[in-house]
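Visitor: Protein chains in written order, with our numbering: chain Y, 1 to 474; chain R, 1 to 474; chain H, 1 to 474; chain U, 1 to 474.
Misleading hints may appear alongside valid ones.
Just the calculated beta-carbon pair ranges, DEER-fashion [unchecked claim]:
#1 R:Trp-253 <-> H:Glu-425: 57 to 63 Å
#2 Y:Asn-197 <-> R:Arg-257: 35 to 41 Å
#3 H:Ile-428 <-> Y:Arg-406: 55 to 61 Å
In silico lysine-lysine, DSS-like type, Cα no more than 30 Å apart, as pairs [claimed, not checked]:
#4 H:Lys-409 <-> H:Lys-448
#5 R:Lys-362 <-> U:Lys-198
#6 Y:Lys-427 <-> Y:Lys-448
#7 R:Lys-72 <-> R:Lys-448
#8 U:Lys-278 <-> U:Lys-72
#9 R:Lys-362 <-> R:Lys-448
#10 U:Lys-362 <-> R:Lys-198
#11 H:Lys-42 <-> H:Lys-114
#12 H:Lys-198 <-> Y:Lys-362
#13 R:Lys-448 <-> R:Lys-427
#14 U:Lys-42 <-> U:Lys-114
#15 H:Lys-198 <-> Y:Lys-198
It is worth saying that the hints were derived from the structure and are not from the lab.
Backbone N, C-alpha and C fix where the C-beta goes; we use that ideal spot for every residue, glycine too.
Below are the chains, spelled out letter by letter.
There are 4 protein chains.
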Amino acid sequence: MSEHDLVIRNGTVVTGSDTTVCDIVVSGGRIEDIRRNAPTRKQEIDASGKYVLPGGVDAHVHLDEPPFFGVKLADDYQSGTISAACGGTTTILSFVQQEGDQSLREAVNVTHEKARDEAIIDYAFHIMLTNIDEQMIGQDLPALIQDGYTSYKVYMCYDGMVLNDGDILKVLETSREYGATVLVHAENHHCIHHLANKLEQSGRTDIENFHDMSPMPVEREATHRAITLSELTDTPITIVHVSAREAMDQIRWGQDRGLKVYGETCPHFLEFTEDDVKRPGWEGAKYLCTPPLREGANREFLWRGIANGVFQIFSSDHAPFIFESKEGKKVGGETPHFRHVPPGMPGVELRAPYLFSEGVMKERISINKFVEVTATNPAKIYGLYPRKGTIAIGSDADIVVWDPDREVKVTRDMLHDNMDYTPYEGKILSGWPETVISRGEVVVSGGKVCAIPGRGTHLDRTPQDVNPAGGRVA
Amino acid sequence: MSEHDLVIRNGTVVTGSDTTVCDIVVSGGRIEDIRRNAPTRKQEIDASGKYVLPGGVDAHVHLDEPPFFGVKLADDYQSGTISAACGGTTTILSFVQQEGDQSLREAVNVTHEKARDEAIIDYAFHIMLTNIDEQMIGQDLPALIQDGYTSYKVYMCYDGMVLNDGDILKVLETSREYGATVLVHAENHHCIHHLANKLEQSGRTDIENFHDMSPMPVEREATHRAITLSELTDTPITIVHVSAREAMDQIRWGQDRGLKVYGETCPHFLEFTEDDVKRPGWEGAKYLCTPPLREGANREFLWRGIANGVFQIFSSDHAPFIFESKEGKKVGGETPHFRHVPPGMPGVELRAPYLFSEGVMKERISINKFVEVTATNPAKIYGLYPRKGTIAIGSDADIVVWDPDREVKVTRDMLHDNMDYTPYEGKILSGWPETVISRGEVVVSGGKVCAIPGRGTHLDRTPQDVNPAGGRVA
Amino acid sequence: MSEHDLVIRNGTVVTGSDTTVCDIVVSGGRIEDIRRNAPTRKQEIDASGKYVLPGGVDAHVHLDEPPFFGVKLADDYQSGTISAACGGTTTILSFVQQEGDQSLREAVNVTHEKARDEAIIDYAFHIMLTNIDEQMIGQDLPALIQDGYTSYKVYMCYDGMVLNDGDILKVLETSREYGATVLVHAENHHCIHHLANKLEQSGRTDIENFHDMSPMPVEREATHRAITLSELTDTPITIVHVSAREAMDQIRWGQDRGLKVYGETCPHFLEFTEDDVKRPGWEGAKYLCTPPLREGANREFLWRGIANGVFQIFSSDHAPFIFESKEGKKVGGETPHFRHVPPGMPGVELRAPYLFSEGVMKERISINKFVEVTATNPAKIYGLYPRKGTIAIGSDADIVVWDPDREVKVTRDMLHDNMDYTPYEGKILSGWPETVISRGEVVVSGGKVCAIPGRGTHLDRTPQDVNPAGGRVA
Amino acid sequence: MSEHDLVIRNGTVVTGSDTTVCDIVVSGGRIEDIRRNAPTRKQEIDASGKYVLPGGVDAHVHLDEPPFFGVKLADDYQSGTISAACGGTTTILSFVQQEGDQSLREAVNVTHEKARDEAIIDYAFHIMLTNIDEQMIGQDLPALIQDGYTSYKVYMCYDGMVLNDGDILKVLETSREYGATVLVHAENHHCIHHLANKLEQSGRTDIENFHDMSPMPVEREATHRAITLSELTDTPITIVHVSAREAMDQIRWGQDRGLKVYGETCPHFLEFTEDDVKRPGWEGAKYLCTPPLREGANREFLWRGIANGVFQIFSSDHAPFIFESKEGKKVGGETPHFRHVPPGMPGVELRAPYLFSEGVMKERISINKFVEVTATNPAKIYGLYPRKGTIAIGSDADIVVWDPDREVKVTRDMLHDNMDYTPYEGKILSGWPETVISRGEVVVSGGKVCAIPGRGTHLDRTPQDVNPAGGRVA
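With these hints in hand, go ahead and build the complete structure from the sequences.
Guide: As structure tokens, then:
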């Protein structure tokens, strides 16, 4: 019996489908036994009246990447994983991005370096593919997939990152052949360029115009196109950070046709609207993200999309640019220029608490659906299941004891990222992760971090079955 | 340790969301422990290489009801539950129907009598409401709901059974107020009457014309109407035995609008088509059911509907009229008259094996989806969860050890119902339930029934939450 | 050359498809010649800078019917047709309704009596079918159709008027067989009853609750059902007075499936909203109609539906109950009871001016679409074309010279109906019918009525082709 | 009274909205008078029992363009316009395409040269934009629009022709600003490339694989994208040669949202299917076109789209490559290589007769709809109305006397193009254009061409209103 062996007693244990009051016995970092009246272990956690949930899997976290818009992300793997853990997340999927003339493999290695001694929870990488050539498609990508790097992100916009449809088709086919899955940032590059140029030509450069650079049809179109590329290659994709109804309707349309399309949405799209970007002065810069925030009426539809299964994944898209650095991007004057302020909002710590409070406690979704979209589905879709994402015999003991009765008022100071603001300042949330356990080790307890940086490990994966039953792994 | 205490060892245990290789320890008829390397129990079942699944919950089974079209159902609670058990089903929901001038309560009591000494597995009743008056809505129905009879079936067609929309609204409101749920047989009564009369007037009375009495729009319309009645009262309904795409599209439409609509479909709609009803002579009578079998192209859409979550429930709609009795309905000649042959097909035994073979083994759906629609969802929707429908600590040990490698050729003789035919004659199925356990007791083993009639018990329920999170219990 | 022979010179002549500057020569009440530089006639009308349009055909006008809610309509055939003519309408379709134990034929004859000496413009009748029996379906209806009464209205609601689906199917089949078309008032009777009872039981009887007696789903459902009945019998129908988006979407859905469904909407649904019914005190009673006024956001969709061809017909649904009579319906107190105030709004005079001003002048629709929905399509659909509804050789010279530059502020006093209020009080309209000509006779000129009651005649029709090319006559 | 003055007597004159028996008096090449019993003119045509229709406007005709796939089109302006006229078409819109390093203006001038002495009917040009730069967008295009070249075609595929989305947005904005309209060939370039490469790599190079180079999703995607580009710039577009249901559904979706999207389809998509391309040997090459022919079930939906107003325009997309030249493209063997055979089918002569026979005579569409989509709408959308496209006072006397009773069996020999095959060989058509009149001059009579090449003239246009009422000119 190791020192970390423990029993979590009398909690309401929840999986994607079930809810049971029982004990969870953890041994050697794994779940050993599920029963009642378990014999005593070294460490005992009383979870009576609490939920016992699978640790969250945040499938969309930006940490310590090369500068974007000339600005470094505020969080590295230490602050980022601590913040994640404090919000009940025990696994993150972050990104590998090539810098300079690095090969993909070099970029992977560099990212391993960044994470190795810093992370307090486990992690895996999505690799950004921003540059396609024959060597890459024919050699590098297959080799990486075979080594267990089985998820890739492609961009349909952004200078220097955008892939054209032909390149995306190649990525999809190679993914299918070797066993990887593809995340798509769906906004139409040419449209954004065109509309941004028009805004500049007409002098509408204040960020309050940010939305008009990529209105709804720009995202909807790219979503439809991405689904088509997936359809033509019969390869699953995930449309990430879906902002609003029209893009969501395209995903449902694809799903109803039997296509293998997953959808991901994020907390900020449920909470904020385009009006927040129009807050006076620099304040609006705090709410800049891509795709941009939309009309408020969309939020009801996104909630339905979570409840109804349009969205399989609920991620943070944590992209922490400190406000000061946003302010620093003063171009040609005192007002923030929509094209120079780095887009992105922090959120890794509040992702699960937000969904628990606004979703479960307000009865928009069941607690099982909460587990499904915050943990089980992302683990399944990205090849981490059953090691992560559920409470089952043999799975890693990544477990959160969640207190549904605790009420928390969000302030910048209570959060653990390196940011100087939170967009959720002042928001009251119902329910909070009380104890967070990673591989049997309590990493957060009562808000106190009790894990040593570097304890988190990279999660090796193996090539995936990209043609699962029903076209779906989740 | 009781004599029934047992361990099911090394199986692949499946729930609606998870798949784990482990042992299941059963004690006192309940699931006591889930782990690996469980200590020895009196009874040991080796499930290596097998699936260990929750016992099936068949939510739509007709047994020992008053005569329909003047014909008695072939199965009573003994043959019906034996047949169910042999097909891996450990719970059925059958029907209470008033006969003569019985009160609802009397009809319930009579049905209890019919089941008590006969059933080998557990059961609960849906009560058919075919006659609405003030006493019934104001007194009888509330009292029955409070006594735990929490599911009711209404018909939008059939002389003597049809309720008008006003009556259905009353049923829905009372159900909402006291905590019951409502199943709807959705076909438009007036349309059927009209079309049947026309067929008769034109001499098209052979059952090969059966479909034209209730073509797709007749079911689609009633489905839309039922959804509207549910919407107006904000009360969940289940549209039962959905036959084809157009009705399914209405259900999806309602679900996408956030309405509380569940869908059920059945094996015969996945396997057979309107052409089967046109088999020569009396043969077609074997394939008569309502709603009728449809064009074959619909089947692909129904499969998608199961995979995509349009359908929450997969039931047999077992309605066993022996062929001889169908043949007996010779009216005005030697050809079968579409209006006199009782509609209904047997299927309680093959329901789960069919879906396993055609769905899971042919990779149309995942094994988790199989469990969800054959067991977990019906248990949740009809108030039997968590006692039934899953494998979880404290749940009844209703478990099936399923051999995915066994291939079975369906013949009439291998089945355990009282029928003289099976529509699936000659069909090869992959996978078969090897051992069926009810409350810890092996009731079927290797095809041999080893349970005594009367061991099955009625499942008491309590009033349900009809406004669950996300509008859905499943 | 008769005294009425005339030339309308240099106007912009508009049909459903064309726009041409030319002269119209009228002789013997008919259009004789279309050209430029026509020789002089006895009467000359200079239409330079004006539109020359087909006289309007208002396909939905209630005049001199039996009391409804115990209240007589304010308009008879004299005031009604004068009001219509002043608004640029030269043909109305009004209703025959049985009273007491009249036969249908007697009711037709009585209605002829009412109209004969009163009308100043031409008219035909829709016959309401509120009572179906074998004699009626087998004898009376065929005979009336063969006599040229080729349009019938059925109600899916209202005590004493509602037909069940079986009766409607019979009406549709007989219409198809003999050559008539059917208008449908689509609201679900049972739902209205149920919801009205609930409102009463909860004391919410003020008319501000009127909308909750028949919310959108009640109309949408009946619309879907009516389309299904039409589909099953392959018989065209017109869904009249469509109030809002959801019902319209059902019609479009049917049309896209190739079904023979026409749609009609009305000015009040484009202008007013459910908020108008909530005006304080008795004021709201002025805005009562069925289906009720809806949320304002619907109006944009109705406009699209006109522009896009979902709606073929734009009618007034003129149902004039004087405000005083509405006020007279004080039941149990000083506030208006939603169940006792007769629903209906006047509008026959403003129908075309409203659509011209808000549609054509505001560029929501083309002038050709205006002609199509106010004149050509209703004439075609109800068997009056080519005698009415267009400007073509041989057609009746029913012509309106429309001044697009005249601006009119609507007041009660300027209108010619017998009402004591107009819901459009104070509304500014752009464009106005300057000269209105019926069969070559100027009946209104510069706002002055110059026709003698009784000059209007009944328009004999003949059985229609109910299976036109493309399933559509318009 | 000129020698060409004539009267067409007693025909059934049809416009987009009306049908009238009357005489048409033509003077000076224009329609002078519409009446009955017209005074005698020099030339009299008895049209009793015949239809008198506006001469057809074929908005999509390829003549005498630079070689495509290295092959010259078989038809120049002489054979092409003769063939058109013989099929009842009196106006064509053909294409200007740059060759070598021609400027757009030079290409226009060269095309004028090609047409001037050859055409027997009138014509205007769509200008292909295959190369976008600042000079072109800023100077050349505005100048051309101001000179009356007001319709442009862009390609979303084909090497050397494809524009990216940014370029298309620029074209749309310039068109909007100066008053032109844009035709879009909607297939995704990158997808075609990718799929074609795959076919080649797998050795599937026979043209029977042609469809797999651009399956339905490739066209559907581009259609959705084109609609989005139109939406973002609020500029009307026409999606040309729509092949099948999924693309059509996108157009309807856009129209239902109030977007300014027109649709065009063509006879070959109504008649042929992907199976025709699989005819043995070289035979399939006769049926090659882009987008490719689709599954037969689509045809019913296209017919509905014409009847219901999804399609405004019915064009031939006449692209005549003689069979011998297709056969000439033998690459690497005796079987036709899908990438080397020029795609395109002839059809300018049969376009209107085909639609008359299969649409009007088979009662799929009304005769008014026939006129609308073959003449009035294309004239309106491309700025030729009211000079062309209708029968109205002052319009060019482009008129066809159409005999509905004549039955014609199509053979290669009866046609007047320069082709060596017709895909319609052996097809029986009901109805045929008997007399074809252009500007008052009989150019075809009883199948005999009686016009001198060079009599056809270019139709000058002026900048268009791109924001018409209801967003639509048709």
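Visitor: Hint by hint, work out which the structure violates, then give me just those numbers in ascending order.
Guide: 1, 11, 14, 15
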